[in-house]
Amino acid sequence: MKTLIVYYSYGGKTKRAAEEIAQKEGADLCEAVELKRLPGIGAFFIGCPQAAGGKARPIHPLSKEMEAYEKIIIMGPIWAGNPAPAVNSIIDALPAGKKVEFRITSGGGQSKNHERTINRATAKGCEVEGYVDMKA
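Letter by letter, the sequence shown follows residues 448 to 583 in our numbering.
Treat each hint with caution, since some may be false.
To be verified - Simulated crosslink set (DSS-like; lysine-lysine; CA at most 27 Å straight-line):
id, residue 1, residue 2
1, Lys559, Lys518
2, Lys483, Lys511
3, Lys559, Lys545
4, Lys518, Lys471
5, Lys511, Lys545
6, Lys449, Lys483
7, Lys471, Lys582
8, Lys571, Lys546
9, Lys571, Lys518
10, Lys545, Lys571
11, Lys462, Lys571
12, Lys460, Lys518
13, Lys546, Lys518
14, Lys559, Lys582
15, Lys483, Lys460
16, Lys449, Lys559
17, Lys471, Lys545
18, Lys502, Lys462
19, Lys462, Lys449
20, Lys460, Lys449
21, Lys571, Lys483
22, Lys546, Lys502
23, Lys511, Lys460
24, Lys502, Lys483
25, Lys471, Lys449
26, Lys471, Lys483
27, Lys518, Lys582
28, Lys545, Lys462
Stated by the list, open to error - Listed next, with one range per pair, are the computed distances between beta-carbon atoms:
id, residue 1, residue 2, range
29, Lys449, Asn560, 25 to 31 Å
30, Lys546, Gly487, 34 to 40 Å
31, Pro496, Met448, 34 to 40 Å
32, Gly489, Thr569, 28 to 34 Å
33, Glu514, Lys471, 20 to 26 Å
34, Glu574, Pro486, 35 to 41 Å
35, Glu517, Pro496, 32 to 38 Å
No lab work stands behind these hints, which were simulated from the structure alone. Cβ coordinates follow ideal geometry from the N, Cα and C atoms, glycine included.
Throw the hints in and build the complete structure from the sequences for me.
Here you go:
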């Protein structure tokens, strides 16, 4: 099955995890980059409330076409108990009918709001195969 890992990483931990998983699973890798990166304090004061509200932040067009893959693994950090806003942008860009797996990184290793993330993907017509919290 042709697999693409699309990831967003603010501090580099998710990027390292995505690279390791891509190598281990033979998946292609694609980084989601925000159009305007929030500075450190802005990530806390702007990004965390956006994450808590389920908001998306604009990202650059992806370097790979998700339509060309059977399975998409989405990776990104948890902010305020929810995926970072750029992760929501990745979900919003999903083509219908894809198999999707979430691998979410956090300091605590558990996010409480995974149902909202799963519902966002299924509303796009995707089949969610899994949601894994990864301690980073």
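>> Against the range 35 to 41 Å, how does the distance between the Cβ atoms of Glu574 and Pro486 compare: consistent or not?
In response: holds (37 Å)
> Does the alpha-carbon distance linking Lys483 and Lys511 stay inside the 27 Å limit?
Replying inline: holds (20 Å)
>> Lys546 and Lys502 were given as a pair; does the straight-line alpha-carbon distance stay at or below 27 Å?
In response: Answer holds: Lys546 to Lys502 is near 23 Å, not above 27 Å.
>> Does Lys559 sit within 27 Å of Lys449, going by the straight-line distance between their CA atoms?
In response: Measuring from Cα to Cα gives roughly 30 Å; hence the hint is violated.
>> Between the alpha carbons of Lys502 and Lys462, is the straight-line distance 27 Å or under?
In response: Roughly 22 Å separates the two Cα atoms, so the pair holds.
>> Checking one constraint from the list: CA of Lys502 to CA of Lys483, max 27 Å. Satisfied?
In response: holds (15 Å)
> That 20 to 26 Å hint for Glu514 and Lys471 (C-beta), does it hold up?
Replying inline: Cβ of Glu514 to Cβ of Lys471: about 24 Å, so the range 20 to 26 Å holds.
> Given the hinted pair Lys460 and Lys518, is their alpha-carbon gap at most 27 Å?
Replying inline: Cα-Cα ~23 Å, so holds.
>> Need the status of pair Lys559, Lys518: alpha-carbon distance at most 27 Å?
In response: This hinted pair holds, its Cα atoms lying about 25 Å apart.
> Between Lys471 and Lys582, is the straight-line Cα distance small enough, at 27 Å or below?
Replying inline: With a Cα-Cα distance of about 18 Å, the restraint between Lys471 and Lys582 holds, given a limit of 27 Å.
>> I want to verify a distance hint. Is the separation of the beta carbons of Glu517 and Pro496 within 32 to 38 Å?
In response: holds (35 Å)
> Keeping to a limit of 27 Å between CA atoms, is the pair of Lys471 and Lys545 held or broken?
Replying inline: holds (21 Å)
Hints 6, 16 and 26, counting from the list given before, are not met by this structure.
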